[in-house]
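Undergrad: Protein chains in written order, with the working numbering: chain Y, 1 to 294; chain A, 295 to 609.
What the hints contain is simulated information worked out from the structure, not anything from laboratory work. All C-beta atoms, glycine included, are put in the ideal place defined by N, C-alpha and C. Possibly wrong hints are sitting among the right ones.
What the hints assert, rightly or not - Reference listing, derived: stretches of chain Y covered by chain A, where coverage requires no fewer than 3 residues with Cβ under 8 Å from a Cβ of chain A:
| hint | segment |
| --- | --- |
| 1 | 38–50 |
| 2 | 180–191 |
Unchecked claim - If you want a taste of the chain Y side facing chain A, the calculated C-beta under 8 Å gives, among others:
| hint | residue |
| --- | --- |
| 3 | F23 |
| 4 | F25 |
| 5 | G93 |
| 6 | P167 |
| 7 | V173 |
| 8 | D174 |
| 9 | G176 |
| 10 | V177 |
| 11 | L221 |
| 12 | A224 |
| 13 | A228 |
| 14 | S229 |
| 15 | P230 |
| 16 | R275 |
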Amino acid sequence: MNALTTALGQMFDFETTAELLNFGFVQNALLAAAALGLVSGVLAPLVVARKMSFAVHGTAELAFTGAAAAALLGGGIGPGALIGAVVAALLLGLLGQRGHERDSVTGAILSFGLGLGVLLLWLNPERTSNKFSLLIGQIVGVDSLGVNLLAGCSGAVLVVLAFLYRPLLFASVDEGVAEARGVPTRVLTPVFAVLVGVATALGVYTVGALLVLALMVTPGLAAARVTASPVKATVLSVLFAEAAALGGIVLSLSPGAPVSAFVTIISFVLYLVCRGIGAVRLRRAGRIGQPATA
Amino acid sequence: MSEELETRSEQGARQETAQEAGQEAEPESGPDAEIADPPAGPAASPAASSAPAVQLRGAGLAYGPRQLWSGLDLDVRPGEFLAVLGPNGSGKTSMLRVLLGLQELSSGSVAIAGGPARRGSHRVGYVPQQRAVEATLTVRGSDLVGFGLDGHRWGVGLPGLRERRRRVREALQAVDAEELAKKPLGLLSGGEQQRLRVAQALVGDPAVLLCDEPLLSLDLAHQRRVSQLISRQARERGAAVLFVTHEINPVLPEVDRVLYLVGGRFRVGTPDEVMNSATLSELYRTDVEVARVGGKLVVTGTEDADHHVAEKGQR
Numbered sequence: 001m002n003a004l005t006t007a008l009g010q011m012f013d014f015e016t017t018a019e020l021l022n023f024g025f026v027q028n029a030l031l032a033a034a035a036l037g038l039v040s041g042v043l044a045p046l047v048v049a050r051k052m053s054f055a056v057h058g059t060a061e062l063a064f065t066g067a068a069a070a071a072l073l074g075g076g077i078g079p080g081a082l083i084g085a086v087v088a089a090l091l092l093g094l095l096g097q098r099g100h101e102r103d104s105v106t107g108a109i110l111s112f113g114l115g116l117g118v119l120l121l122w123l124n125p126e127r128t129s130n131k132f133s134l135l136i137g138q139i140v141g142v143d144s145l146g147v148n149l150l151a152g153c154s155g156a157v158l159v160v161l162a163f164l165y166r167p168l169l170f171a172s173v174d175e176g177v178a179e180a181r182g183v184p185t186r187v188l189t190p191v192f193a194v195l196v197g198v199a200t201a202l203g204v205y206t207v208g209a210l211l212v213l214a215l216m217v218t219p220g221l222a223a224a225r226v227t228a229s230p231v232k233a234t235v236l237s238v239l240f241a242e243a244a245a246l247g248g249i250v251l252s253l254s255p256g257a258p259v260s261a262f263v264t265i266i267s268f269v270l271y272l273v274c275r276g277i278g279a280v281r282l283r284r285a286g287r288i289g290q291p292a293t294a
Numbered sequence: 295m296s297e298e299l300e301t302r303s304e305q306g307a308r309q310e311t312a313q314e315a316g317q318e319a320e321p322e323s324g325p326d327a328e329i330a331d332p333p334a335g336p337a338a339s340p341a342a343s344s345a346p347a348v349q350l351r352g353a354g355l356a357y358g359p360r361q362l363w364s365g366l367d368l369d370v371r372p373g374e375f376l377a378v379l380g381p382n383g384s385g386k387t388s389m390l391r392v393l394l395g396l397q398e399l400s401s402g403s404v405a406i407a408g409g410p411a412r413r414g415s416h417r418v419g420y421v422p423q424q425r426a427v428e429a430t431l432t433v434r435g436s437d438l439v440g441f442g443l444d445g446h447r448w449g450v451g452l453p454g455l456r457e458r459r460r461r462v463r464e465a466l467q468a469v470d471a472e473e474l475a476k477k478p479l480g481l482l483s484g485g486e487q488q489r490l491r492v493a494q495a496l497v498g499d500p501a502v503l504l505c506d507e508p509l510l511s512l513d514l515a516h517q518r519r520v521s522q523l524i525s526r527q528a529r530e531r532g533a534a535v536l537f538v539t540h541e542i543n544p545v546l547p548e549v550d551r552v553l554y555l556v557g558g559r560f561r562v563g564t565p566d567e568v569m570n571s572a573t574l575s576e577l578y579r580t581d582v583e584v585a586r587v588g589g590k591l592v593v594t595g596t597e598d599a600d601h602h603v604a605e606k607g608q609r
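All chains, please: the whole structure from these sequences, using the hints.
TA: Here it is in structure tokens:
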């Protein structure tokens, strides 16, 4: 309990925080978080619309497996996570094309990947402090090379997404009609899964596999509570994700606490606030409890 | 509009001659297959003289060894409302898939407004079944309608935004749904959603409106409203309607002709010609009774046949 009080006290120790902000590794971490916040904020509303939260979770676990494999083989953790996530996205996309099967297929792959990752970590003779960071994140460990990788991948994801955006949203609303209108839905699904995979890998690299959902899902869900406009939802989602990612780092600096804790707390509080606003909005519109049912 | 119709009819005529030349041989037709007579009588609408919006010649569809239907000749004129009826598995939805260009005919030919049926054609509007939409979907009424215009195009769609807004607004007005433009889709009632889907299908000014059970799960009042809307808009715009349904009564006042499919056999004609005990008994090969009760058609005796066909049913 004492530790918590101390941490809370230190959280608002702005002097220490300001001092730490001058360090290069902290600035790198902030840059990495900004890139991650942007890309996951843009993706989150689509992830929510396409009901892919669990798939994101599964992809994150396999990114962890990839990173663990890379660590064992002496490769870079970042590229390892990336490869793991992309393979996972493709696997999930191919095995779970049909919607009703996707959940269970994701569950099967997720547990296998996590188990494999644990085995790979156990096989690794190195000291384990680094290993733990793959699960709960260690953004201050990102070097400038890592920042470049993050920025490059985020940029690529955003460019591809801008190209796919309209048909993807159309297919998320009404897959049958989109197909009839000539949208290649069967191609879009795996391509989007790969985009999500890349973003997830970046998240694993920074905030850790267990907490990717806090940036890839929660901001989108929060935004959807307060607006139905696709543009506004995307903007809000980016703002929320940035607030969680950057705010999480800044708050964690002085107490030296894990970044992930603060990222998830900020993200969740934003969601609760949006849920509250959304409930009030609905009541004003006089339509509460009347969603369209079959 | 009239210019567009002229172009359509020219293309239609060209297509027709090409097909006649290429298809001298009489299409193979089963013993029960009836060639559709040219529509006559009350169905004749103002656009009667122009080329067919939909034309099937000797059309057949089979999945592997299983023939859904064959030897189907059908012309649907601009402005005409054709109800497509039949039990599950009789190939109603497959017919729409053919017209959407998602499914190839296994024999015969198909033409939409004189051109080939191809995927994503702007000549075809599609109204699907109503289905529940997540409340967390970040899409409003106007976004849904806009998809009908350019949802299939790549990119984010910033260019042409003003023209897009104008056309979406017009389409919303046409279905009395202006007040739904900014509402979240997931919070609308089934009937409101279906009005928006009709607007989505109409916004591209199609020559053919394909409707796949669009009234399913709507209450009676909304069934009437949505079907009247489809019928009125199609007539005003000179678009043909193919309306797949398992229940003809909600659309009966709008229907010009009926295509009734049962286990590979079919009949085309006005509701009176098709929806009678003799014709349906022949189609189902069992005793079917059709009675008119208070302006409604009551069909009894098709359950067994339904079951039989469903067993052979679609994939």
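Undergrad: Each of the hints needs a verdict: does it hold here or not?
TA: Hints and how they fare:
1. 38–50: holds (count 3)
2. 180–191: holds (count 4)
3. F23: Not OK, violated: Y/F23 not within 8 Å of chain A, min 38 Å.
4. F25: For Y/F25, the interface hint is violated, since the closest Cβ of chain A sits about 36 Å away, which is over 8 Å.
5. G93: violated (20 Å)
6. P167: holds (6 Å)
7. V173: holds (5 Å)
8. D174: Check passed: Cβ of Y/D174 comes within 7 Å of chain A, closer than 8 Å.
9. G176: Since chain A brings a Cβ to about 5 Å from Y/G176, closer than 8 Å, the hint holds.
10. V177: holds (5 Å)
11. L221: Cβ of Y/L221 sits 6 Å from chain A, so the hint holds.
12. A224: holds (4 Å)
13. A228: Y/A228 check passes; min Cβ-Cβ to chain A is 3 Å, inside 8 Å.
14. S229: Constraint on Y/S229 satisfied, holds at 6 Å.
15. P230: holds (5 Å)
16. R275: Not OK, violated: Y/R275 not within 8 Å of chain A, min 11 Å.
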